[in-house]
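**Q** Spelled out from the first residue to the last, the chains are:
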Amino acid sequence: MDERIPSGAAIVVGMPRVLLIEDDQAVRDGLSMALGGRGHAVDAVATGEEGLARLASRPPDIVVLDLMLPGLDGFEVCRRIRAAGDLPIIMLTARNEDIDVVAGLAAGADDYVVKPARAQVLEARIRAVLRRSGQPAAAAPTPAEIERHGDLGIDRAALTVTKGDKPVALAPTELRLLLELSQVPGRVLSRQYLLESVWEHGYFGDSRVVDACVQRLRAKIEDDSSAPVYVQTVRGFGYRFGPL
Amino acid sequence: MKLGGLRTRLLLAFSLLVVITAATVAGGAYVQSRTVILQQAQDATARVLVDKATALFPLGPLPPADGTLSRISGELSDRDLSSLVLYEDKSSGNEQMRALISPELRERVRSGNVAWQRVDSRGTPMLVVGTRFTVLLPGGQQRDSGIEAYIARSMAPEAKSIDELATRAWLIGGVALVFAIGLALLAARGVLRPVRELGDAARRLGKGDLRARISVRGSDELAGVARTFNETAEALERHVGELERMEADARRFVADVSHELRTPLAAMTAVADVLEQEASKLPGDAGRAAKMSIEETHNLTRLVNDLIEVSRFDAGAAALAPEEVDVAEVITASLRIRGWTGEVEGDLPSGIFAEWDPRRVDVIVANLVGNALRHGEKPVALRLSEAGEWITLEVSDRGPGLAPEVLPHVFDRFYKADSARARSGGSGLGLAIAWENARLHGGTLSAANGVDGGAVFTLRLPRLGVTA
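Chains as they are written, first to last, in UniProt numbering: chain A, 1 to 244; chain B, 1 to 468.
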């Protein structure tokens with residue numbers, strides 16, 4: 001299990017460790033203080049390079065990443081973290097420019113928060129993402145029961161997914177999305193519903209977050225992600241698992 | 001062609017000129033030639049008659065013998081001429097001629113003259129000339145014989161010549177008229193083209209194409225007008241450009257300021273939450289001050305976010321991200337997330353689909369319903385309906401409604417319906433942003449008062465959202 005779901009997806013025991021990569025000192029200090037006060041262990045660095053180095057030396061549970069960074073920018077940092085594993089990433093953007101949001105999500109971010117953000121909003125997002133990661137395997141003592149959907153095998157207790165015989169490495173958000181959809185095969189779930197249930201957005205969210213995650217999920221579980229069979233788009237409604 | 005237009009007037013003037021000239025010249029020549037031709041024919045015929053009569057002189061004794069009259073008529077007629085000789089009740093010659101001889105002609109001939117008259121004989125113009133014969137009495141004395149001789153000849157060749165003359169006169173007149181119309185059109189074009197160009201350019205300028213210019217040709221009055229027009233347009237373009245630059249500068253300044261405010265606000269917002277946890281523990285004024293600065297930080301954040309949104313509309317950077325949505329579902333989610341479901345009466349039939357940007361529609365709904373809940377009185381009612389390509393959402397409340405002087409300004413930025421009223425939690429930009437979002441979808445947002453009181457905001461969007 002450990003090799004399939006890396007550090008970020010492990011059950012978080014005690015203080016979740018947050019790596020904050022933000023170049024403005026006041027924002028960095030403010031967020032460190034606020035998140036620290038809410039029970040997170042915050043590692044704050046000012047540049048992307050530092051952040052990547054810290055990632056290796058003290059692996060965090062989640063990365064909060066500013067997009068506008070001097071030197072190595074947030075998009076690139078995001079891509080490198082994704083290339084290395086499925087550590088959850090929340091990007092922090094000072095400009096709610098659509099192009100940034102789209103690019104950030106395409107680079108692999110799980111969610112985004114627009115600055116200036118209230119610490120409780122950011123904290124809620126972090127918790128939501130971590131909750132996805134830490135869906136309690138321990139709280140499911142029943143023997144593993146593997147659901148079969150075509151080639152896909154989903155073990156809700158062990159939180160593992162296999163395709164054919166091979167395990168599929170899914171990021172926590174992708175896994176939560178797949179679990180949510182496959183729970184009600186054949187039923188259409190709206191983007192807004194998914195946003196509220198998987199991402200726990202407490203406001204009218206950006207459905208592009210859902211779309212970006214669906215794209216990533218398809219790339220991992222579909223034979224041909226341009227002609228998906230597991231996660232199908234229903235125009236005007238949202239997404240549906242199957243029918244196969 | 002316009003009836004009172006310059007071209008018509010020029011054409012009429014030229015044509016009139018040509019008609020008068022042609023009528024005078026060709027008409028005059030025609031009349032004169034006709035007179036000469038007729039005169040010559042008459043003179044020649046009269047001379048022939050006189051010559052022949054002279055050759056017959058002296059006639060025999062009176063009363064003439066029977067053969068005399070026929071001799072005279074025989075002598076007078078030839079290939080071209082027919083003759084009739086009359087003496088008292090006798091006659092000789094072509095009897096058909098008698099119809100051609102009018103009583104006036106006989107009168108004049110009897111009084112001793114050589115007289116003529118043009119008559120029409122079944123379509124052929126004829127000239128009839130008559131004279132009286134004198135006889136020489138034995139005493140050498142001449143006296144009237146009482147014999148009248150008439151000759152008639154056809155005037156057809158002359159008539160033909162005259163007709164030809166007339167045809168030629170008409171032809172010349174016609175050619176001149178065509179030529180004149182051509183000239184008039186040419187002149188009209190020379191004047192009208194610059195005038196039309198000027199008109200087109202002025203129209204383009206009026207429609208906002210400040211680059212409209214016209215080419216200046218020659219150095220006449222029209223060229224002067226063209227030059228003046230160009231100078232005016234240039235000055236206008238310069239002024240408008242300057243105004244636009246200033247406005248763009250002002251807008252950019254607002255956008256820049258908003259963006260610059262974001263970073264310190266991001267830090268303040270982050271620590272405000274830290275402070276909030278401690279504020280209740282702070283004694284007296286310090287606690288109140290902390291609470292106040294937390295609250296105002298959040299207000300400032302909202303204001304800056306709205307300002308950034310508004311400047312994005314101003315810069316034309318706001319883009320629509322349409323997706324097919326069930327309108328009722330978007331509205332319901334918008335209400336549910338804000339905890340308004342219980343406070344709003346909704347008539348929201350599902351199954352109305354549209355290509356809209358759900359986030360922007362959410363902003364509109366949130367602002368309209370939020371506004372109704374804040375300023376109006378419950379119940380706030382939502383009514384969704386569709387008609388053809390348009391979908392309408394009405395948000396109404398049961399409050400006192402909007403004052404007539406407020407109505408035209410409700411969507412103005414920072415407009416406060418009641419200047420005395422304290423800030424109400426909104427940034428003052430909410431309805432303006434809602435309005436811009438409606439416009440971005442190619443629709444409208446309007447405010448009015450309902451029949452039974454209360455304000456009614458009506459959102460009308462086309463099913464297929466289009467970027468305005």
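Just so you know, these hints were derived from the structure itself, not from any lab. Keep in mind that the hints are not guaranteed to be accurate.
Listed next, the stretches of chain B that the computed footprint assigns to chain A, with coverage defined by at least 3 CB atoms under 8 Å from CB atoms of chain A [said to hold, decoys possible]: (1) 72-84; (2) 262-275; (3) 351-362.
Just so you have them, the derived chain B footprint on chain A, three or more residues with Cβ under 8 Å [said to hold, decoys possible]: (4) 21-35; (5) 115-121; (6) 212-223.
Beta carbons: idealized from backbone N, C-alpha and C, even for Gly.
**Q** Take the region 212-223 of chain A, compare each residue's beta carbon with every beta carbon of chain B, and decide whether three or more fall closer than 8 Å.
**A** violated (count 0)
**Q** Test coverage of the region 72-84 of chain B by chain A using CB-CB distances below 8 Å; three residues minimum.
**A** Coverage by chain A is violated for the region 72-84 of chain B (0 residues, Cβ < 8 Å).
**Q** Take the region 115-121 of chain A, compare each residue's beta carbon with every beta carbon of chain B, and decide whether three or more fall closer than 8 Å.
**A** With 6 residues close enough to chain B, the hint holds.
**Q** State whether the coverage of the region 21-35 of chain A by chain B holds or is violated, taking the criterion as 3 or more residues with Cβ-Cβ distances under 8 Å.
**A** Check passed, 8 qualifying residues.
**Q** Apply the coverage criterion to the region 262-275 of chain B and chain A: a residue qualifies when its Cβ sits closer than 8 Å to a Cβ of the chain, and three qualifying residues are needed.
**A** Our answer is that it holds, as 13 residues pass the Cβ test (under 8 Å) against chain A, meeting three.
**Q** Check whether three or more residues of the region 351-362 of chain B sit with their beta carbon closer than 8 Å to a beta carbon of chain A.
**A** This one holds; 4 residues, not fewer than the three required, reach chain A with a Cβ under 8 Å.
When each numbered hint is compared with the structure, violations occur for hints 1, 6.
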